[in-house]
Amino acid sequence: MTTLDAPVPGPAPTFTRSEASLARRETLGQLMRSKTFLVGAIVVLFWAFWAIVGAHLTPQDPLNQSSDVLKSFSSAHWFGTDQLGRDVLSRVLAGASATLQVAPLATLFGIVGGTTVGLISGYFLGFVDDVISRIVDAVLALPLIVIAVTALVALGSSRVTLIVVIGVVFTPIVSRTVRAAVLGERELEYVQAAKLRGERAPYVMFVEILPNVMGPIIVEATVRLGYAIFAVAGLTFLGFGVQPPSPDWSLQIADNYQLLNAGTYEWTVLFPGLAIASLIVGVNLVADGLQQVLDR
Amino acid sequence: MRRPGGAFQRTVIARFLLKRLALAAITLVVLSMIVFAAAQLLPGDIGRNVLGPFASPADVIKFNHEHGVDRPIVSQYWTWVSHFVRGDLGTSLQYTGVPVANLLGPSLVNSLKLAALAFVLVVPLSIFGGTVAALRRNKLTDRVITIAGLSLTSIPEFVTAIVLIVIFGVVLKWLPVSATAPPGAGVLTQIKFLLLPSLALVAVLFGYIARITRAGVIEAIDADYTRTAFLKGLSTRRVLFRHVLRNSLLPTIAVVATQTGYLIGGLLVIEKLFNYNGIGQRIYVAATNKDFTMLQSGVLIVGMVYLAATLVADLLYSLFNPRIRFGGAE
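If you're matching them up, the sequences are chains A and B in order. Residues in the first sequence are numbered consecutively from 490, following my numbering. Residues in the second sequence are numbered consecutively from 72, following my numbering.
For the record, the hints were derived by calculation from the structure and aren't laboratory data. Hints are supplied without guarantee of correctness; some may be wrong.
[What the hints assert, rightly or not] List time: in silico EDC-like cross-link candidates among lysine to aspartate or glutamate, alpha-carbon distance up to 16 Å:
{"no.": "1", "chain 1": "A", "residue 1": "Lys684", "chain 2": "A", "residue 2": "Glu697"}
{"no.": "2", "chain 1": "A", "residue 1": "Lys524", "chain 2": "A", "residue 2": "Glu508"}
{"no.": "3", "chain 1": "B", "residue 1": "Lys90", "chain 2": "A", "residue 2": "Glu674"}
{"no.": "4", "chain 1": "B", "residue 1": "Lys90", "chain 2": "A", "residue 2": "Asp619"}
Bound-form chain A, shown alone (with noise of 0.2 Å):
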């Protein structure tokens, strides 16, 4: 091991930091200069921050009742109010908190778990890689929202329970595409080197290989992020997520639908509904512009 501890040329490493730092500035240079990235980013902080502020700025507490009860748009109530007399723009408003607390940690969660699994599988292949893939098939085969209703039922639902299996579930999938990546680097010279250096396994996986697959990983967790509110908000509205009296939108939306068969009160649940639809669409463009600079 010792043998081949040639003396390092002095400027090298001062030189590729200072080349990684100019990269890193190019690269966020081309970011603020991505209108999709742009305006994604405002969509998304401007959720956040009523995210984070709730209901102390609202027009109204999100949760208090009234008599005024499914009235349609006034100046009172700009988006109307719902069956149990609550002002509809205050719960949209305060509507984000819940989600915007779950999806970015179970995403973390995912992306962790997939990470560590996608760098073995890809780094051992053979038997281990074997068996990694043969689970991994047979968990991509059922659809997100299958395996999480089951093992929300098993395990009760809670917050915790909600950022686990939706993690857990994320796992297998961005395994998938970090593997690829690693299989794209395992075979070039600086991993070799570091294997003849003879570094561990754990070593070269984490501290050579995984810095050069951090391209793929950022954009796999944004466009993770918008499946994770896909997923909170379906599991929410089938009963299985955020649980009440949250104003969460899915929520909403799940207490109000069936006022549809009436043929009015709309409104109820159309705000509600764009709301997630504009927190996701912003999601995905930031996640699109992130590719567009990163991928090449």
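For this one, chain A is given, so just place chain B on it according to the hints.
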């Protein structure tokens, strides 16, 4: 078309498909284990859950014994799988004594109807959209189709459905808000009732299929054979249909087939929203009522449909793709 060595070609395809079939079989076995394990996680005493808190302990023990849930896990798994293979899915716990197959069968048919209508609408639409986007690459049309498709794909289907219901059901009053046609309704009436839910599915699927088509068409346009075709003096239309689309639709076929499988189970939300008796609705009701015989069979069927669709995709792919047909890709 050239048809060299029919027999050789057939063995190549057969080998390719056998390999895929074997992989799918292994995947199916792993899947059945995962599903079974997940169903075991459902908390509590099954007999107690079904019979309720007032049943006597003796009855609970008797129930558990009759349903075999007091036996070792491995033997329970084996019983389930060996019966499943013979088409015996057991009896529902929620609807006591009713065979699961009698409940899941008609629901699966309903789901397939809905999925079929969605596909009939979405496939031509998204292939057309993807091709137009590719031909107008990086122009405004392309950006609009790509971003609209991407957005529609990522918006939850129940949100799209709500917007569609508000527009076509509430404001314009063109289409029924419910998805279930009155009993004995003709095909056209059934389609009318299924139109709104399937349009919501179309919105979800359009962006994905269009994106794959777009990528395939762009790759084909940039390929040497397309340039050669143009240089030969063929008309644009002829180049597009005979050379570009023929090659670029391969990945699209694969995606369409895999999405079919996904769709069947992904219908959970749409079926609940439209109160439609499909397999998704069954799985949802079984999950909420802890009807685990129904749940595990329903989930496994969804997985099987997906795997079957993937196999069909592989079959079509190998039939249409000369590179696989002639043994180039293995």
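Results for each hint:
The hinted pair formed by A:Lys684 and A:Glu697 meets the criterion: a straight-line CA distance of about 10 Å does not exceed 16 Å. About 26 Å separates the Cα atoms of A:Lys524 and A:Glu508, which puts this hinted pair outside 16 Å; it is violated. A distance of roughly 28 Å separates the Cα atoms of B:Lys90 and A:Glu674; the hinted pair therefore is violated under the 16 Å criterion. About 14 Å separates the Cα atoms of B:Lys90 and A:Asp619, which keeps this hinted pair within 16 Å; it holds.
The structure does not agree with the numbered hints 2 and 3 stated previously, though it agrees with the rest.
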